[in-house]
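Quick mapping for you: the protein sequence lines, in order, are chains A and B. The first sequence: position 283 = 430 (our numbering), numbered continuously. The second sequence: position 254 = 401 (our numbering), numbered continuously.
If you're looking for bench data, these hints aren't it; they were derived computationally from the structure. Being a predicted model, the structure only gives us computed values, none of them experimental.
Since the list can't tell identical chains apart, any single copy or any two copies may satisfy a pair.
DSS-like mimics (lysine-lysine), calculated; alpha carbons at most 30 Å apart, straight line: (1) K341 with K372; (2) K372 with K165; (3) K239 with K165; (4) K316 with K329; (5) K337 with K372; (6) K341 with K316; (7) K316 with K337; (8) K372 with K329; (9) K329 with K341.
Given next are the chains, with one letter for each unit.
There are 2 protein chains.
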Amino acid sequence: MSAAANFADRLWQAVDEKRSRACVGLDARLERIPSFLCEETDSAAECLLAFNRQIIEAVAEHVVAAKPQVAFYEMYGPAGVAAFAETCRCAKQHGLVVIADVKRGDIGSTAAAYARAYLGPADEQGRAAFDVDAVTINPYLGSDSVEPFLAEAQASGKGLFVLVKTSNKSSAEIQELQASGKPVYEHVAKLVSKWAQRLPGRRGYSGVGAVVGATFPEQAAALRKLLPGVPFLVPGYGAQGGSAQDVACCFDEDGYGAIVNSSRGIIFAYEGAQWEERQFAEAAAAAARRMKQEINAALGR
Amino acid sequence: MSAAANFADRLWQAVDEKRSRACVGLDARLERIPSFLCEETDSAAECLLAFNRQIIEAVAEHVVAAKPQVAFYEMYGPAGVAAFAETCRCAKQHGLVVIADVKRGDIGSTAAAYARAYLGPADEQGRAAFDVDAVTINPYLGSDSVEPFLAEAQASGKGLFVLVKTSNKSSAEIQELQASGKPVYEHVAKLVSKWAQRLPGRRGYSGVGAVVGATFPEQAAALRKLLPGVPFLVPGYGAQGGSAQDVACCFDEDGYGAIVNSSRGIIFAYEGAQWEERQFAEAAAAAARRMKQEINAALGR
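Go ahead and model the full structure; you've got the sequences and the hints to work with.
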């Protein structure tokens with residue numbers, strides 16, 4: 148595969164191969180990881196990694212992507228960040244598209260450093276700082292904060308997902324302020340639409356995507372119309388309340404255009420009554436399979 | 148000092164002790180670090196750290212705070228993040244107030260992990276993930292993304308600076324959209340004002356601050372009036388174009404209310420014609436001293 152293959156093209160190829168539109172959120176919290184795993188490891192970071200490795204192996208056939216949320220690793224300082232990097236590497240080795248959920252956003256010269264960290268080329272030893280396929284970014288600082296990510300993504304065939312409408316309750320406070328007759332998030336969508344022109348793929352979609360929460364289906368449907376050719380990363384499925392019906396509107400007529408993330412609903416599925424602790428990976432695989440099927444069913448596929 | 152001493156009170160105490168309102172931005176870029184230093188070290192991360200240690204030691208008497216920008220460390224992966232953590236520790240040991248410029252922002256459960264990482268208590272071994280006094284955060288997700296930082300800061304006497312009006316050119320694209328007759332950043336300011344009530348100090352200022360760029364002095368002056376009792380972190384001095392006159396409007400009548408950051412203008416001052424490479428720390432100290440004096444002069448202090 149050419150290094151500059153478009154990110155969206157790669158994503159839909161994975162969707163075709165796996166018949167799945169699901170993404171697993173690798174947001175491990177120590178206190179919810181089976182205790183026997185932590186007893187077998189020497190540190191919080193090692194325990195997270197041991198958990199993630201087994202989850203990744205178990206769910207890889209049912210999900211197209213993995214989205215580790217870096218906050219849960221930064222919590223444990225540099226060792227935690229090393230576990231994050233290793234988690235990304237492991238997910239990639241298992242054939243998953245890796246989306247680093249970092250929500251970075253800063254002025255141009257700083258954004259360039261972040262872009263390099265997550266989307267940049269490997270060094271002479273063949274190691275990238277973090278070996279991922281895409282990142283999430285925060286648009287509050289405007290175009291010059293996004294430009295360095297576009298430049299790196301263009302060079303490397305990687306992708307980015309810009310926060311447009313997030314899944315949390317207070318997202319309305321700023322994102323839904325009305326400016327010139329439309330909410331702020333639609334203004335952001337308009338910028339995303341412009342940025343997306345920079346990374347065109349072969350199948351009508353850009354390497355520039357949008358984060359659109361599953362918890363606000365009406366707004367998601369409106370955004371789908373506003374942003375043809377922009378892949379959606381849809382958080383909020385499962386634990387946060389979004390259903391397969393809720394996310395259906397994020398897809399196009401052909402069943403592309405979005406991937407849907409579930410974190411806790413997959414990785415902590417073993418907490419359900421029918422499972423035992425030692426079955427955590429099996430439970431995660433079952434939850435991922437069910438999610439994949441639910442979404443496909445809602446799309447009639 | 149009680150663990151719950153208010154962040155702003157500690158900040159103004161440092162201002163009193165040092166007669167300085169300057170903050171040094173520790174945004175080291177490998178390609179601008181004197182080459183002899185890198186030849187003496189084994190990795191990029193070690194070189195950054197060696198540079199920072201000498202800069203911190205040299206400027207500590209002239210600045211009240213240090214603001215490492217984490218992007219420049221994340222660039223080098225986990226080892227870079229370890230250098231970031233060590234840089235924070237070193238700045239603290241030299242008596243500086245440490246502001247981690249991380250601009251994090253995420254949904255509540257994730258924000259709690261970030262808040263814990265940067266403002267949370269130390270573990271049983273007495274080590275915090277990152278031992279800093281305050282962080283910068285991005286408000287795009289609204290109150291529930293800020294709440295965990297407020298809770299941690301309240302418990303620990305630490306602080307936060309919320310992005311209100313940033314120093315970069317395209318900050319206008321979203322921050323200056325007009326909603327109900329005022330720009331988005333003033334709506335954010337109103338939220339900051341509300342959040343600030345949670346962390347009152349003894350000297351009329353809150354532990355909740357605002358990031359207000361020095362490059363837009365008129366807007367900064369308006370924000371100073373809108374946000375009494377909210378400390379400003381003012382980036383954009385020096386290399387980005389802000390002058391001592393530009394930042395004067397960010398202070399109150401008594402010369403408190405703001406600290407001003409310069410990164411490249413201090414740490415790479417040795418690039419000026421009158422210095423040699425080996426004098427980089429001396430050059431930084433001279434630049435920090437001059438900045439301190441310029442700001443004090445502009446305030447008539």
